[in-house]
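Protein chains in written order, with the numbering used here: chain Z, 1 to 289; chain D, 290 to 708.
If you're looking for bench data, these hints aren't it; they were derived computationally from the structure.
Nothing false has been slipped in among the hints.
If you anchor each label on the Cβ, the simulated ranges turn out as follows:
{"hint": "1", "chain 1": "Z", "residue 1": "Thr126", "chain 2": "D", "residue 2": "Ala306", "range": "16 to 24 Å"}
{"hint": "2", "chain 1": "D", "residue 1": "Ser455", "chain 2": "Z", "residue 2": "Ile33", "range": "55 to 63 Å"}
{"hint": "3", "chain 1": "D", "residue 1": "Arg324", "chain 2": "Z", "residue 2": "Ala75", "range": "58 to 66 Å"}
{"hint": "4", "chain 1": "D", "residue 1": "Gly494", "chain 2": "Z", "residue 2": "Pro213", "range": "33 to 41 Å"}
Backbone N, C-alpha and C define an ideal beta-carbon position, used for all residues, glycine too.
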Amino acid sequence: MPELLAQQIAPDLDVAGWASDAVDWLLDNLAFIFGPLRTIVSALVGWVETLLVGPPVVVILLAFTAIAYFAVGWAFALFTLAAFLLVDAMGHFEATMVSLALVVVAALLAVAIGIPLGILAARSSTASAVIKPLMDFMQTMPAFVYLLLAVIFFRIGVVPGVIASLVFSMPPAVRLTELGIRHVDREVVEAAEAFGATPRTVLTGVQLPLALPSIMAGVNQVIMLALSMVVIAGLAGAGGLGGIIVEGVQRLRVGLGFEGGLAVVILAIFLDRVTAGFGAGDAGARGTA
Amino acid sequence: MASHVRAEGLTKVFGDAPKKALEAQGSGRDAAWIREQLGQTLAVDDVSFEVEAGELFVVMGLSGSGKSTVIRMLNRLVEPSAGEVWIGDERVGALDNRGLRELRQRRMSMVFQHFALFPHRTVVENAAFGLKVQGVEPDERRERAEEALETVGLAGWSEHYPSELSGGMQQRVGLARGLATQADILLMDEPFSALDPLIRREMQGLLAELQSELQRTIVFITHDLNEAMLLGDRICVLRQGRVVQIGTGAQIIASPASDYVAEFVADVDRSRVLTADIAMREPRRVFAPTASPQEVLDWLAGQEANGVYVLAEDGRVLGVARDDRLARGLGEGAREIGGLLTDDYANVPPDTLLADLSALAARNSVPIAVTDDTGKLLGVVPRARLLASLAGTEVSTGPQAAGRDPNGAGRGRQEPADA
Ligand SMILES: Nc1ncnc2c1ncn2[C@@H]1O[C@H](COP(=O)(O)OP(=O)(O)OP(=O)(O)O)[C@@H](O)[C@H]1O
Ligand SMILES: [Mg+2]
Chain Z
1 MPELLAQQIA
11 PDLDVAGWAS
21 DAVDWLLDNL
31 AFIFGPLRTI
41 VSALVGWVET
51 LLVGPPVVVI
61 LLAFTAIAYF
71 AVGWAFALFT
81 LAAFLLVDAM
91 GHFEATMVSL
101 ALVVVAALLA
111 VAIGIPLGIL
121 AARSSTASAV
131 IKPLMDFMQT
141 MPAFVYLLLA
151 VIFFRIGVVP
161 GVIASLVFSM
171 PPAVRLTELG
181 IRHVDREVVE
191 AAEAFGATPR
201 TVLTGVQLPL
211 ALPSIMAGVN
221 QVIMLALSMV
231 VIAGLAGAGG
241 LGGIIVEGVQ
251 RLRVGLGFEG
261 GLAVVILAIF
271 LDRVTAGFGA
281 GDAGARGTA
Chain D
290 MASHVRAEGL
300 TKVFGDAPKK
310 ALEAQGSGRD
320 AAWIREQLGQ
330 TLAVDDVSFE
340 VEAGELFVVM
350 GLSGSGKSTV
360 IRMLNRLVEP
370 SAGEVWIGDE
380 RVGALDNRGL
390 RELRQRRMSM
400 VFQHFALFPH
410 RTVVENAAFG
420 LKVQGVEPDE
430 RRERAEEALE
440 TVGLAGWSEH
450 YPSELSGGMQ
460 QRVGLARGLA
470 TQADILLMDE
480 PFSALDPLIR
490 REMQGLLAEL
500 QSELQRTIVF
510 ITHDLNEAML
520 LGDRICVLRQ
530 GRVVQIGTGA
540 QIIASPASDY
550 VAEFVADVDR
560 SRVLTADIAM
570 REPRRVFAPT
580 ASPQEVLDWL
590 AGQEANGVYV
600 LAEDGRVLGV
610 ARDDRLARGL
620 GEGAREIGGL
630 LTDDYANVPP
640 DTLLADLSAL
650 AARNSVPIAV
660 TDDTGKLLGV
670 VPRARLLASL
680 AGTEVSTGPQ
690 AAGRDPNGAG
700 RGRQEPADA
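Please model the entire structure based on the sequences and the hints provided.
Spelled out as structure tokens, the structure:
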């Protein structure tokens, strides 16, 4: 009986074989894309990294505190100052900035691709029908698989980390942009159209401003998801906090792993509150008139 | 010059098989059949009407009768499945995107049920939206928007956001936005339905006042019959996407085209809608001032009345010949009634509400005279007839039915002196 239950009833399909064939084909034929892509992404990360690591720690620290103050308030600014001082005290400030650079680049790219896709999906039901399942697929596929693919295409280093984060974190940007635009009051959109506004004006003057809270919620989620990939990216040799945690795990150095984890949490709180704060602020009465 | 709007056979099918539905419609099927058999929504079914320049035309019907769809086909926010819309001599269906935008920018504007203001723009930016789309310079745009806001009584609120305003004030902004572009056609989809009754009255008053000044061509949607009666020059009643009747409020109440309309108008205060010209009839007889007192007395004897109107040759009322005066005159040797007349009669213009007639009805020996502004007699309203009209027991058979535009020339301000 148990043998019967365990028996395979469908014919053998070599999905694994097809997948690796597809990857081989891509490697053979699209090398001209992967090369330059690698160069561009690594240049971008390098640039942001220099920005964050180059100046004296105190400058960055004050900048973060100021951002926290303007986006959220003085209490959070104090927390930010204390938290990043702690990170510095643990000796992980530079690693944190390296990870931040990776998150920033991955999130920027994800948003830059995701928002237009979301707009497209909001405007065309056909596009939406294609994009939605694709996003579901992207988000449910385990992140390690992306990393594996990204390493194959882009080799070890920071680039596969960025690419895997980008793919993994993009869906909320698409989804919440589409949702935000579709939920704008139909009558308000009609009002703009009834006065003869062009589709472009309707989009930029009415739909996007009114969808902004939703879009910003998407951006916030993108950043959080990208951050959650930092550790996994460490496995691909992206360095930063991921590297520290991976080292802690591999050598069973619990303390080191904990420090790295704590730094990730601090970075997460900072990014979450700041992006949520900016989102709420922009969503208020003021707009692009 | 305000333009007039004409809808010809407008039809709209919502659903995935509009062709089938149109065929069924062509062979006489109604919306209910098409929904049951084909699963398509025939929201608007062959609707035609004409709105005169400067007229306030009301489209009325229950929820789901297709009102919003009709008004949205006028500016093609909803694309008609069949039929045509004409603005002046321009066929709206023939316009390309650019032409359509131009039309919406310059000639038609719209006011919405839930105001549809832009919540992220200030009041003045909202009011200026149409002008901004037209490409008017910021300074001029602001000036004209402020002007429009002043017209609707919102001076001083420019820098507020819509969410800071009450519902009535928000709709004033909506109205200002519609007026600012100076489009001569205003589409209003249940603009006051979402407001409290008191505010609604106030807004109705505002619109009536503005309209008497601005004379825009207005298509106004409502499901509130009293509102329709109050504002509309003419009313178009829709049922399940079809026109059941078009006419002035008084015509619709006095002679509803179907039981449906009759039921619809059943609880209207008729005395505040019906007017003297609906209730009046031709006088049985009138006399010239040269008639002899004896002749008039003889006629009166057979009429159970004690007076009769005496008219000049051009039809003007000279006065009333009353039996007691005639008898006395006869005794004094008078040959003509011209010298024996009294002014013992009440005299009203044709658009007088029946409510105002009631007070006059009992006072005189002759029925109330309805006269035009030159004093010509148009008809008389006997007391019994007045009561019958108010009770709704009598279908209009009076002389007013003849010689009037069957479409119903507007009652009220833009009415030419009725012949
Ligand atoms: N976009 C649409 N898609 C499908 N069906 C629609 C659409 N718009 C309207 N309908 C249907 O068409 C019919 C007429 O709707 P419409 O909104 O014109 O009615 P209405 O008279 O304005 O009603 P209300 O008083 O509720 O506003 C309804 O049965 C409605 O469900
Ligand atoms: Mg409606």
